[in-house]
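Two chains, each in its own frame: build the complex with the hints.
Those protein sequences? They're chains A and B, same order as listed.
Residue numbers for the first sequence follow the numbering used here, so the first one is 1 and each next one is one higher.
Residue numbers for the second sequence follow the numbering used here, so the first one is 246 and each next one is one higher.
Some hints here could point you the wrong way.
[What the hints assert, rightly or not] Here are the computed lysine to any residue pairs in the SDA-like style, where the Cα-Cα straight-line distance is at most 20 Å:
1) Lys-373/B x Ser-395/B
2) Lys-357/B x Thr-172/A
3) Lys-157/A x Ile-362/B
4) Lys-321/B x Pro-88/A
5) Lys-308/B x Arg-258/B
6) Lys-373/B x Ser-344/B
7) Lys-157/A x Lys-305/B
8) Lys-157/A x Pro-358/B
9) Lys-157/A x Asn-320/B
10) Lys-139/A x Leu-85/A
11) Lys-157/A x Phe-323/B
12) Lys-305/B x Leu-85/A
13) Lys-357/B x Arg-162/A
14) Lys-123/A x Phe-66/A
15) Lys-123/A x Leu-61/A
16) Lys-305/B x Arg-150/A
17) Lys-139/A x Tyr-164/A
18) Lys-305/B x Asn-271/B
19) Lys-28/A x Arg-38/A
[Stated by the list, open to error] Selected chain B positions facing chain A (in silico; Cβ < 10 Å):
20) Gly-315
21) Pro-334
22) Leu-351
Honestly, the hints are just simulated from the structure, not real lab data.
All C-beta atoms in this analysis are idealised placements derived from N, C-alpha and C, irrespective of residue type, glycine included.
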Amino acid sequence: MRIIVAFLIPTAILAYILGLIDPGLWAKAGLNILNISRFIPLLGVRNDLWGDTLTAVYETLIISVFGVSSGVLIAYLLAPLASPLLAPRTIAIAGRILANSARTVPAILWAILFVILVGPGAKAGALALAIYTSTYLAKFFYEALESVDRELLDSLKAMGLRGYTLAFALYTHIRRQIISSVLFMLEYNVRTASILGFVGAGGVGYYILQYLDILDYQAVLTFVIAAIAIVAAIDTTSYTLRTRI
Amino acid sequence: MLAPTQNLVVELRGVAFSYGDKRVLNGVDLEISYGEAIAIMGRSGAGKTTILKIIAGLLKPEKGVIRILGCDPSNKCFDSVRGRIAYIPQTLGLVEGGSAIYNVLLARAYEKPLRFITGIWGKEYISKALEALEAVGLLEKARVRVERLSGGERQRVAIARAIFQGAPVILADEPVSNLDLETARDVVELLTGLRKRGATIVAVMHDRDLAQRHFDRVYILEGGVLRVLS
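So here's chain B without its partners, still in its complex pose (with noise of 0.2 Å):
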């Protein structure tokens, strides 16, 4: 029995997951500390997105202990958790049709679900979702919709939504897998410098050397389970 860690994250131990017949997760163990950034490495396919889902409380695991700020997904505790994970997927899970800010809010529509149908937020929300839009550099582009943004800046409006959550966890799959060398290292330096407002970062990466230099720890995904690779 795994015991409550406080300074731990996310923790998973042999965790095992399968689509039908294909068993893609065999056994993955992973602990992450506050404020730690991970990468996760691997081919098309081999299940990178899936630990994501499971950190994420999306999908449910066959076999495994997890827990997640101290919580089992599968446990009614979890609903303290969720409104606290921020889940970046490939696509980005961007509402288009809303503007930058309209995405950053969204991030305290679980708990504010009034406000958020009303779309009365009152001066402090707004100027605290200004603020992060500003920490990505995208304060001018605060009222402007989502789909008329570049790939970074969208990826940026990605990252300032995480920000104004004030997300202990952010979940980002392959956050820089669309942008030009320089915007994917700007968009890795930002996600990664989130470590100092005390989040832990778990991203799935295809580029090693921008993995290497920006994450305390690189892991590879082969053969259904996690092995450091640096």
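Chain A extracted, bound-state conformation (with noise of 0.2 Å):
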């Protein structure tokens, strides 16, 4: 109960503060609704665009893919670097500054910067991925590796571990937890490599925008259609995964 009041009491207020508690806000937005139900008889399928949608979809599970494995492969050897319990604490430091400062930034703008860098295309969005990726899981890894048990970490120093091999070691301890914060980034990447394309670095997106600029709708439904079942799909699969682990 104290944590509905808790959360109840700062969404009035901010809710106030918005504008958001305005019954004329709410008659227009009636309105509104009436107005986009115009666009539905315009709403349909083409079922001509199915080979392009199969296309779409597998260009943003490649750059989704390739964004969590390199993704991974980077944070691998990123984490230890940023943990002051595996490097020594300066490196730890810059380690852990590079680590957040380069996780501020969207992946979307990452994916602006690597149009101009590699041109428009799949492999702008796949290399976008992968620093956002990489960033992230860093963070999942280093932030795991230290709440590992103090006894463990005492008796594989007693042993001589350090650096990458202790990293290593400790690594197979927490495998669920990185196994699952793969699943995650992969579930996000998906979703992020739909719209990826609004700036011209490949998948679904790219494809919706296209057909937006030329006020084909029912084109637009069919890969947002597409979108959705990929999403899906890949929820799912993560999802039943996790349990397995």
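Rendered as structure tokens:
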């Protein structure tokens, strides 16, 4: 009950500040729903585009999986450098600042940068997600490494394990957290890869933007359905894998 | 000044240690020779684990002289001692998700980091690790993940690791605290039996009978100092 009250109070205050508690606003929103409904008769799917849809889904998947796999590799090497338990203090501080500052840049901004650097298409999206995923996973990994039981750490240190050798032993110990965070990033990447195309970085989003420009709503809906299907498929697969680890 | 004594494995003289304002060790003296097994008893919070951690080089005392295998842990020479100490904490220090043999092989990760990271150990290391597991009666469970083993079996994996490590110093923190009487006796016999391999054993124990029966000397830690119980 306390939790509900604790969240209810700021929600009410902020809704007031944002101007959401305004009957006029909701009346206007109701009228706009009627406007939107005029689109409904225009909607439908274009059966001739399913081939292109498959290409788009394939591209989105490639971008996402490359982002995760390369992100895991970078994060595996970066996380021990960002942990004071495993690296000298100055290196750990520098590593942490590097990982944290890179993480504040949204994936879409990385995509814009890579579109400029390597040109439009899937490769820009893949590189953007690789950087984004690695900085996120580095944080997940070093936090998981630091949550390890201190006695295990003492025992391994007493045997002379240091640096990466120690980190790799600990990675085995925290493999459940690792798998869970990797699956989380895969779900995230598929969702993000679907919109990276808006800035020219390939995937389903690229096709959606093209057809929006020429007001072909049936084509847009076809690709939106494909995007929803792929996100749902990855979420379900990820959930199934998570329950098995 | 303490003269280096070749046959002494552990030498502590006047060792003092505090956690914040709380002084737990107040002049601990301890001498252990090659092939001896000693037990340390005492109330919870008396500082027994602290002594083990100081010997392992994991904690630095405020005062006192320490030599482990002839070397002060604060000196550069201790780098060569690292990897020769087996510290078995209460929670055993086993890597979950790894099999029994993985945990045993871990003892050589220090000297063979590349083999450890790649997982390609070669026949020689694998057969030695299997020998160590056989010595503790766990050969058939070599490929079983440690979290699927019983408490006694896990304790044996930790001992097998110390055997494979060829550690001349084995530090065990309450090795039998969560085991039934029969298993506890077996584990203590295994542990103290490592004297035959030239190991020196320091164990924190709670069971006085077991300690007196199997260890060469039993100390009690009281008021921050060690005295011989038997």
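Status of each hint after checking the structure:
1. Lys-373/B x Ser-395/B: Status violated; Cα separation ~23 Å.
2. Lys-357/B x Thr-172/A: holds, 17 Å
3. Lys-157/A x Ile-362/B: Holds - the C-alpha atoms of Ile-362/B and Lys-157/A are around 16 Å apart, at most 20 Å.
4. Lys-321/B x Pro-88/A: Holds, because 17 Å separates the two Cα atoms, which is no more than 20 Å.
5. Lys-308/B x Arg-258/B: It holds: about 9 Å lies between the C-alpha atoms, which stays within 20 Å.
6. Lys-373/B x Ser-344/B: It holds: about 16 Å lies between the C-alpha atoms, which stays within 20 Å.
7. Lys-157/A x Lys-305/B: holds, 14 Å
8. Lys-157/A x Pro-358/B: holds, 14 Å
9. Lys-157/A x Asn-320/B: Given that 20 Å is the threshold and the Cα spacing comes to 17 Å, the pair holds.
10. Lys-139/A x Leu-85/A: holds, 14 Å
11. Lys-157/A x Phe-323/B: holds, 13 Å
12. Lys-305/B x Leu-85/A: holds, 17 Å
13. Lys-357/B x Arg-162/A: At roughly 12 Å apart (the allowed maximum being 20 Å), Arg-162/A and Lys-357/B satisfy the hint.
14. Lys-123/A x Phe-66/A: Satisfied, since the Cα-Cα distance of roughly 10 Å is no more than 20 Å.
15. Lys-123/A x Leu-61/A: Between Lys-123/A and Leu-61/A the Cα gap is close to 12 Å, so the pair holds against 20 Å.
16. Lys-305/B x Arg-150/A: holds, 17 Å
17. Lys-139/A x Tyr-164/A: Answer holds: Lys-139/A to Tyr-164/A is near 16 Å, not above 20 Å.
18. Lys-305/B x Asn-271/B: holds, 14 Å
19. Lys-28/A x Arg-38/A: holds, 16 Å
20. Gly-315: violated, 17 Å
21. Pro-334: Check passed: Cβ of Pro-334/B comes within 4 Å of chain A, closer than 10 Å.
22. Leu-351: For Leu-351/B, the interface hint holds, since the closest Cβ of chain A sits about 6 Å away, which is under 10 Å.
Hints 1 and 20 from the list above are not met by this structure, while the remaining hints are.
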